[in-house]
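Line by line, the protein sequences give chains E and U.
Each residue of the first sequence is one higher than the one before, counting from 15 in the numbering used here.
Each residue of the second sequence is one higher than the one before, counting from 774 in the numbering used here.
Careful, some of the hints might be misleading.
As the list claims (entries may be wrong) - In the SDA-like style, the derived pairs of lysine to any residue whose C-alpha atoms are separated by at most 25 Å in a straight line are:
(1) K820(U) - F52(E)
(2) K320(E) - G120(E)
(3) K320(E) - P1043(U)
(4) K320(E) - V1035(U)
(5) K53(E) - P1043(U)
It should be emphasised that the hints constitute simulated quantities derived from the structure, not laboratory data.
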Amino acid sequence: MPEKTYLQAISDGLREEMRRDQRVFVLGEDVGVYGGAFKVTLGFQEEFGPWRVIDMPLAETAILAGATGAALMGMRPVAEMQFADFVSCGWDHLVTVAAKQHFRAGTPIPIVVRLPSGGGFSGGPFHSQNPESSFAHIPGLKVVCPSTPADAKGLLLSAIEDPNPVLFCEHKHLYRRIKGDVPEERYTVPFGEARMHRHGEDVTVITWGAMVYTADEAAQRLAQEDDLSVEILDLRTIIPWDREAVLDSVRRCSKVLVLHEDTRTGGFGGEIAATIAEEAFEHLDGPVRRMAAPDSPVPFAPNLEKAFIPQVDDVVRALRELAAY
Amino acid sequence: MAVREAEPVSSLQEVHDAGLDREDLLGIYRNLLTTRGIEERGHILYKQGKIPGSFYTGRGNEASAVGVATAMGPHDVGTPLQRAMGVHVTRGLEPWRIFAQYMGRADGPTRGRDGNVHIGDANLGLYAMVSHLPAMLPVAVGMALAFRIREEKRVAIAWCGEGASARGDAHEGMNLAGVRKLPVIFWIDNNQWAYSTPSHLEYAVEHLADRAAAYGFEGVVVDGTDVLAVYREAKRAIEKAREGGGPTLIESVTLRMEGHAVHDDAFYVPRELFEEWARRDPIERFRAWLRDHAEMTDAEEDEITSGVKRLLNESLQRAEESPLPDPGTLVAAVYAQPEELDTPHHK
Ligand SMILES: Cc1ncc(C[n+]2csc(CCOP(=O)(O)OP(=O)(O)O)c2C)c(N)n1
Ligand SMILES: [Mg+2]
């Protein structure tokens, strides 16, 4: 099995699906000649031509509404937001039209919106956000946040197959940093099934996206320094999310940290924590802990951003506290 | 209403008629050099690894920025964008604070919370851009609305790129301004590319200024490498707005002389286009004009050049001494306190 970066896995998955399915096309800003701001669609326009890899005007509503209209006419659009943050410019359209269309009118909207998300490299308040929690609150949208190259490809293909609008959050900090084995053949990874990233016994971390790797480093350190056995469950998809896997892990470990990079208040971690409190209360040996970014916009200066995004040291500290409880 | 193509400015007399004396002209030259110098030094800082994130410059756009800012009145306001460093320089933002902003230091106008060209000092009537383009355009319309309600003779300038003019915000803002005849100027810096996307994939009219007719006001096209033509058109439009004549859309045509940002080598821009526009370098052009028409002497030129160099050296050093921002202040910075309403800008 070849090893690929997270970015290459997304790119290859998309390219293979475009070869297989004539209905799939890409639209976004600078996706053609330039190959996309992050080069996910590099070489696509040469292969598929300018009508399947469309350089759009700088206009997110036109991109997202254009995708919706084309989907209604039988296409399978994959729209790229140059950065996830810019999806706010098409928010109204996604939330008002795409999310509610099937419920009210019975016509599916099979669109995928690719969202290069997340911080960690001084992108500042407008190039670093994690939008998954905001969209998780909107019935009608599905939200996907892969952390491994293999999942990125398999979940992307599921997203394209899915008859609903899917927001596909690609963490920018994983693009070139994370490598992994990716099967050559076509495969899908189902929505709503978490991935056991690391088995453990003493405490479990429920997380997704780039935080999987932050938790992993913390777990390795605690195994060595404290002889603590940390489990890590990677949710992979936020809507739908795998309640059973979460509850099962909590029942076995009895202590849980819910960790995400997005800000705390109203973050999806709150939903997970509430579900654990409702359904696994008697299995808990300590309070459900949440760790997330503080309630501020994402700051630019490296030292501010480091204080903002949960770091390995922060996770180690929180897990030690939980273990000692 | 057809668009009007602005005439170049030639004689010193025309310049005097437009309200500039010789000192002003030398000041413009100084501001142009300072603007370019800041961005050139920023580029070096970036290569030294001292600037986090990305780095943008407005090379080729200096005249367009300095020209408009020179035409603004002291109480006018604006929302300049990523290519308009010259606006900040002309209105008096000290270069050391710009360098501090680049480096994410406590003394940058956003105190390290926001970065790079997201600069604005409200005390100078300038309000920092957000990344989302052109979100500040309808905000500038709102500023003009306040002036209209209070019957103040002030004008707002809304900057926009030709690419960003494709977004709905531009339409909504311009429509409102036209309907209410608000004192706002739409300054579209048309540098022919939006990241890698050429203009013909962004809009289908011949001139963006053609759109003004659809909103019920005047559209003008000006050569953005001619600082005096820029100044004169901006001045006309600003004074017209100030007297109740409503908005003007001015399309200032240049070429973005570098990549979209420092990571981009602009492979998609034909080299001949760069060569053609390099011959129209706005600073070189104005320097030649000053020598031909305003008798700028070698001594004057040297004095300006070395003065700018000295200023930038001192500014860099001062910026490097600026402390890192305090992470403890993050959350407290999110919401305003009542006493902050007592700044001159909110009265
Ligand atoms: C709403 C929105 N979508 C995408 C972007 C990403 N982006 C930043 S600058 C840019 C091109 C802007 O082109 P233009 O308006 O012509 O200004 P220029 O950079 O050429 O001065 C793009 C696509 C953005 N800033 N805002
Ligand atoms: Mg442009």
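Checked hints:
no.	hint	result
1	K820(U) - F52(E)	holds (21 Å)
2	K320(E) - G120(E)	violated (46 Å)
3	K320(E) - P1043(U)	violated (41 Å)
4	K320(E) - V1035(U)	holds (24 Å)
5	K53(E) - P1043(U)	holds (21 Å)
Going through the hint list in order, the structure does not satisfy hints 2, 3.
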